[in-house]
Amino acid sequence: MYKSTGFISFVLRRITGVVLVLYLFTHILVIGSATQGKEAFDATLAIVQGPLFKIMEIALIAAVAYHAFDGVRLLIVHYFNVIDYRKSMFYAAFAVAAFFTAIGGLLILQLLLYPA
Amino acid sequence: MPDANSLPTTATVRIQRFNPDNDKKPYIQEFKVPLTADTTILDALHYIKAELDGSLTFRRSCRHAICGSCAMNVNGRNKLVCKTPLTREMDNKGRVTIKPLPYLPIIKDLVVDRTSFWEQYLRVKPWLIPPDNVPEKEFRVSPEEVEALHNAETCIMCGACYSSCQVIAMTKQYVGPHAALKAYLRVLDPRDTAPGERLIELSGEDGVYRCHTIFNCIDACPKNLNPTQAIETLRKLAQKRQALEAERAERQKTLALPVKSNE
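Protein chains in written order, with this note's numbering: chain D, 83 to 198; chain P, 299 to 561.
If you are wondering where the hints come from, they were derived from the structure by calculation, not from laboratory data. Only true hints are included.
Keeping only pairs whose Cα atoms sit at most 25 Å apart, straight-line, the calculated DSS-like set for lysine-lysine is:
{"#": "1", "chain 1": "P", "residue 1": "K330", "chain 2": "P", "residue 2": "K406"}
{"#": "2", "chain 1": "D", "residue 1": "K85", "chain 2": "P", "residue 2": "K521"}
{"#": "3", "chain 1": "D", "residue 1": "K85", "chain 2": "P", "residue 2": "K470"}
{"#": "4", "chain 1": "P", "residue 1": "K470", "chain 2": "P", "residue 2": "K521"}
{"#": "5", "chain 1": "D", "residue 1": "K85", "chain 2": "P", "residue 2": "K381"}
{"#": "6", "chain 1": "P", "residue 1": "K406", "chain 2": "D", "residue 2": "K85"}
{"#": "7", "chain 1": "D", "residue 1": "K169", "chain 2": "P", "residue 2": "K534"}
{"#": "8", "chain 1": "P", "residue 1": "K347", "chain 2": "P", "residue 2": "K391"}
{"#": "9", "chain 1": "P", "residue 1": "K406", "chain 2": "P", "residue 2": "K381"}
{"#": "10", "chain 1": "P", "residue 1": "K347", "chain 2": "P", "residue 2": "K406"}
{"#": "11", "chain 1": "P", "residue 1": "K470", "chain 2": "P", "residue 2": "K423"}
{"#": "12", "chain 1": "P", "residue 1": "K381", "chain 2": "P", "residue 2": "K330"}
{"#": "13", "chain 1": "P", "residue 1": "K391", "chain 2": "D", "residue 2": "K85"}
{"#": "14", "chain 1": "P", "residue 1": "K347", "chain 2": "P", "residue 2": "K330"}
{"#": "15", "chain 1": "P", "residue 1": "K551", "chain 2": "P", "residue 2": "K435"}
{"#": "16", "chain 1": "P", "residue 1": "K521", "chain 2": "D", "residue 2": "K169"}
{"#": "17", "chain 1": "P", "residue 1": "K323", "chain 2": "D", "residue 2": "K85"}
Chain P residues, not near chain D, derived (Cβ > 12 Å throughout):
{"#": "18", "residue": "L333"}
{"#": "19", "residue": "L340"}
{"#": "20", "residue": "C365"}
{"#": "21", "residue": "T469"}
{"#": "22", "residue": "A492"}
{"#": "23", "residue": "D504"}
Bear in mind the structure is a predicted one, so any value in this text is a computation, not a measurement. Where is the CB? At the ideal position from N, CA and C, for every residue including glycine.
Starting from the given sequences, assemble the full structure and let the hints guide the process.
This is the structure we're talking about:
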């Protein structure tokens, strides 16, 4: 195993990619229950309103944010000669993703702890 | 380099051993070697082979970082051991861990099977394919054109980049940073007549688009070369292959002419 910042970034990119695909299936399953009528949809929706799912939503934000900003990093690498800044760009992608996860996570926690 | 007086007199070299005849899997063996400020890791390996354990197997040839034989994994990083001082790699307990290049089949101890490395190298046709009208004396290539090739031409084929590549870890079908760098050298060479053919080979499924820009190759290269930039350049050139071929054909009309006096 050749461990480096790039390796961590690469593994995270793969894992978050798979997480996003799995989320998409779950999402379609939940929304798709609407085709079986109002009661079925409400019942399915009630399952995913629990605290466990709220916490998982924060993880989802982290996955989306990291995957998105790592993608932006890759685009910059492809179109500009920024290879001298490769390490800084990995850290920038981590930091920006962490920032957005914190904002989204705090909003979700607020809803969870102090329901309107 | 640390002060010679404060230096410990011995270093502990931890080497991954593997003899396919006797061992089921590799194991770590420790050796104590005498240390001076200018001992390289290769010196330590030589000492072990000569004085402590003659069965230790490793590749080396020139001892001044040009043959590319002695690339090994030192403390988790691929390096040429002949130009790496032992003191620079020691931790505060005076230990250094040496393993063979990762992701390649081990033949014995620190020697790995580099077959896939050379197969991928040959795949890009690493030689120059010159035009038919070879001039009597020399080709006229501009300093700018030579400068563009500078990134690639000092590669010594040590395999440090290849075996640090995460894509190589997953598939040996991938062209690899070393071959991409060599292809870059030939594609950008104004004397080469087959840049289009090379780009077709490189833009396939196992070509340059498979790179995940992990940058391990740049960090591993003992010659400070930049295979990732070569791969990015080849990706862009592969998009406009026909334009490049036309430009090359045009350029080669003046390649064999003498330089004008006003230039």
